[in-house]
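Start from the sequences and build out the full structure, keeping to the hints where you can.
Under numbering that gives the first Met the number 0, think of the first position of the sequence shown as 0, with each following residue one higher.
In short, the hints are calculated from the structure, not lab data.
The structure presented is a predicted model; accordingly, all values stated were derived computationally and were not measured.
Hints should not be assumed to be uniformly reliable.
To be verified - The list that follows gives simulated cross-link-like pairs (lysine-lysine, DSBU-like), each with its CA atoms no further than 35 Å apart:
| no. | residue 1 | residue 2 |
| --- | --- | --- |
| 1 | K63 | K398 |
| 2 | K240 | K252 |
| 3 | K233 | K372 |
| 4 | K327 | K398 |
| 5 | K327 | K3 |
| 6 | K233 | K58 |
| 7 | K372 | K278 |
| 8 | K3 | K63 |
| 9 | K233 | K255 |
| 10 | K58 | K327 |
| 11 | K255 | K240 |
| 12 | K398 | K58 |
| 13 | K252 | K327 |
| 14 | K252 | K398 |
| 15 | K398 | K240 |
| 16 | K255 | K398 |
| 17 | K233 | K63 |
| 18 | K327 | K240 |
| 19 | K255 | K3 |
| 20 | K372 | K255 |
| 21 | K3 | K58 |
| 22 | K63 | K240 |
To be verified - What follows is a list of derived Cβ distance ranges for each label pair:
| no. | residue 1 | residue 2 | range |
| --- | --- | --- | --- |
| 23 | T140 | I215 | 21 to 27 Å |
| 24 | F406 | C317 | 48 to 54 Å |
| 25 | F406 | F132 | 24 to 30 Å |
| 26 | E88 | F275 | 33 to 39 Å |
The beta-carbon is built from N, C-alpha and C at its ideal position, and this holds for glycine as well.
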Amino acid sequence: MDNKIYFQRAGILLAFPLAYVYARLILIEPLEGLPFSVALTVVSLMFILVSELVRCGRKAFTNKNTGETVFWYVMMVLAAVTASFGPSEALSAFAVHLCAVYSVLVSNDILLGDRTGGFIPADLIHGFYVKSFAGFPNFITDWSAFKREGDKKKHNAGVIMLVIGFIFLMFIFFFISLVFISRIDVDIAAAFITYWRSITGYFERIKIDNIIISLILAVPVCFYLYGLMARSAKSDGTREKRIGSNMAAGLEKGRKVPCVISCISAGFFVALYILFFIKRTAYFTGGFTGIVPDDKLVAYYAREGFFELVGIMAVNMCVYLTIYLFEKRNNAGRTTLAGRILVTLLMSESIIFAVIAMSKLWLYYSIYGYTPKRMLAMWGTLTLGFAALMSILTVNRGKSHFRLGVFFTAVSYIAVSILSWILASM
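Below, the structure written as structure tokens:
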């Protein structure tokens with residue numbers, strides 16, 4: 000028998016336990032005394048195991064894991080481990096889900112592009128919806144891996160099922176008879192009530208209602224997770240590469256906006272921020288010097304305008320992406336010199352905004368100390384600043400640095416989560 004069949008069978012058998020553990024520990028509630036990070040870590044490790052079994056059941060060892068697959072597995076586990084003491088438990092759980100789906104796509108080499116890059120949003124949509132829901136029937140169809148040969152084996156399996164059904168019916172009949180007898184005999188009734196209360200008390204202690212709900216929820220979860228894994232493992236990546244090529248060609252055809260219009264548009268933003276810098280110089284330097292206007296408290300100054308600055312950085316990133324997607328390129332396929340200069344200025348201003356926002360946040364932190372929200376705000380500001388730097392490199396070098404930005408975002412969040420734990424324990 001082909002060794003792949005053993006992996007395939009193991010993947011099918013473990014799919015429902017994985018779904019049950021996920022439903023019980025994540026969707027319902029963790030066991031009493033079990034930290035959420037531990038529950039999330041258990042689910043993550045089980046997911047990796049089942050995903051690898053399903054992949055090997057389809058492709059054996061012909062498609063070995065790359066360093067990128069290992070990277071996303073590690074990021075998933077670290078996000079789970081740091082969930083309880085990181086800056087945001089919900090964000091960590093969300094990161095685990097993103098890494099889980101993306102790791103399945105990477106391990107099976109079915110990204111829409113050749114590797115991690117600008118198509119990552121489309122890849123995630125493809126994994127979360129297309130592969131998983133289209134693969135719903137796979138949990139049923141793949142049970143063919145357990146088909147037995149020979150009439151004798153089929154007969155034995157039928158006898159076993161018949162015996163189990165017989166015993167179940169006898170148990171029900173015995174229980175009904177016991178109820179009737181207990182209504183006649185007081186001593187039997189007392190014993191029956193005592194044992195019944197002990198059974199119901201045990202069910203209350205183990206929260207049988209949560210177990211039943213988890214078993215019910217585990218059914219669609221099992222179909223979803225196994226569908227994602229099996230559907231991805233069945234694909235050789237040809238269809239995904241074709242879709243990615245069509246998307247790239249479509250983006251190239253959509254770049255019709257004249258460079259003059261995009262340059263004028265970017266120029267308005269650049270000029271606006273220069274005027275703002277000139278007018279509010281004292282406002283920008285207060286976070287570095289610690290000197291704030293006499294009519295304002297330090298705490299108020301530190302908070303004032305922080306989220307607006309972050310919002311401006313996000314808007315600038317949207318402006319850059321709009322120019323990148325729709326501006327007409329020159330014969331070399333690059334943005335014009337004027338466009339590169341203006342985008343560089345715009346992203347440089349975003350970096351300045353990031354530095355100013357960090358200075359205000361650090362001033363607030365130095366006075367009032369650590370909180371998870373402040374740490375999360377620092378990470379968000381740092382990530383947007385790094386994205387602006389990568390945009391400058393992309394527009395000037397003519398080579399996308401989106402991949403590096405994705406890796407930085409993942410690694411920096413784990414680093415911030417660990418730092419958050421260290422600061423909280425001090």
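Numbers of unmet hints, in rising order: 3, 5, 9, 10, 19, 20, 24
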